[in-house]
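**Student:** Residue 200 in the working numbering sits at position 173 of the sequence shown; the count goes up by one each step and never skips.
Please keep in mind that the hints were generated in silico from the structure rather than gathered at the bench. A virtual CB, placed ideally from N, CA and C, is assigned to each residue, including glycine. Some hints could be false.
[Stated by the list, open to error] Pair ranges (Cβ atoms, derived):
(1) 131 - 161: 38 to 48 Å
(2) 161 - 28: 16 to 26 Å
(3) 116 - 181: 40 to 50 Å
(4) 46 - 177: 37 to 47 Å
(5) 211 - 69: 21 to 31 Å
(6) 194 - 129: 15 to 25 Å
(7) 43 - 67: 14 to 24 Å
(8) 46 - 142: 36 to 46 Å
(9) 66 - 162: 17 to 27 Å
(10) 162 - 72: 25 to 35 Å
(11) 67 - 161: 38 to 48 Å
(12) 146 - 28: 29 to 39 Å
(13) 43 - 143: 51 to 61 Å
(14) 66 - 211: 22 to 32 Å
[Unchecked claim] When the alpha-carbon atoms are kept at most 20 Å apart in a straight line, the in silico PhoX-like pairs for lysine-lysine are as follows:
(15) 29 - 61
(16) 71 - 61
(17) 29 - 71
(18) 71 - 142
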Amino acid sequence: MKERILTSAQRLIQQRGFNGFSYADIAEEVGIRKASLHHHFPTKTDLGLALIEVYSGQLNGALLSISGSSLFADAKLAAYIALYRRSLEADCMCLGGMLASEALTLDPVMLPGLKRFFARNAEWLTEILVEGRLQQLFTLTGNAADHARLLLSALQGALLIARATGDREAFDQTTALLVTDLMKKN
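Please construct the entire structure, taking both the sequences and the accompanying hints into account.
**Tutor:** Right, dumping it as structure tokens:
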């Protein structure tokens, strides 16, 4: 039951935001009473904390799978970008990005987990960018960590704008430009 609740809540947050759903929405979707929902997650913050942990774990699993592959760094980056594209195809935002957009209204106890989520993304991207530089695939004008933050911010922003405008092609154009710029030779 807990997994069904988390799955429903994750989808609702990715589509509407943390402040855009209620326990009644989940209860109706899952087919349980709100009291049962409160048994598993006494507060909405408890649910949010659990979701950040679950989503971060899912992401980490995907990153480890991509990293452990025999792909070159450019293909690993493409696989990472594809994670965002899949969210867009499902008419969803990245859970981290959606929560970040509501950070000022979230219970502060949720913020450390959210910060860890973004730090893990940036750390992984930094590793891939360094790998790509060593493979002579990427040309970085600054340090890899700065480029990683730029990529992460641009992907989150491209996803947000594409979803708001309904223009998925804009997401693809933005991500293609990001990759092209990385692969330019000086």
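**Student:** Please go over all the hints and tell whether each is borne out by the structure.
**Tutor:** Results of checking the hints against the structure:
1. 131 - 161: 38 to 48 Å: Taking Cβ atoms as reference, residue 131 and residue 161 lie about 40 Å apart, which means the hint holds.
2. 161 - 28: 16 to 26 Å: 47 Å, violated
3. 116 - 181: 40 to 50 Å: 19 Å, violated
4. 46 - 177: 37 to 47 Å: 29 Å Cβ-Cβ, so the 37 to 47 Å window is violated.
5. 211 - 69: 21 to 31 Å: For residue 69 against residue 211, whose Cβ atoms are near 52 Å apart, the range 21 to 31 Å is violated.
6. 194 - 129: 15 to 25 Å: 23 Å, holds
7. 43 - 67: 14 to 24 Å: 20 Å, holds
8. 46 - 142: 36 to 46 Å: 19 Å, violated
9. 66 - 162: 17 to 27 Å: 51 Å, violated
10. 162 - 72: 25 to 35 Å: Hint violated: Cβ distance 43 Å, outside 25 to 35 Å.
11. 67 - 161: 38 to 48 Å: 46 Å, holds
12. 146 - 28: 29 to 39 Å: 32 Å, holds
13. 43 - 143: 51 to 61 Å: Check failed, 24 Å falls outside 51 to 61 Å.
14. 66 - 211: 22 to 32 Å: 56 Å, violated
15. 29 - 61: Holds, because 13 Å separates the two Cα atoms, which is no more than 20 Å.
16. 71 - 61: 12 Å, holds
17. 29 - 71: 14 Å, holds
18. 71 - 142: 19 Å, holds
Of the numbered hints given earlier, the model fails hints 2, 3, 4, 5, 8, 9, 10, 13, 14; all others are met.
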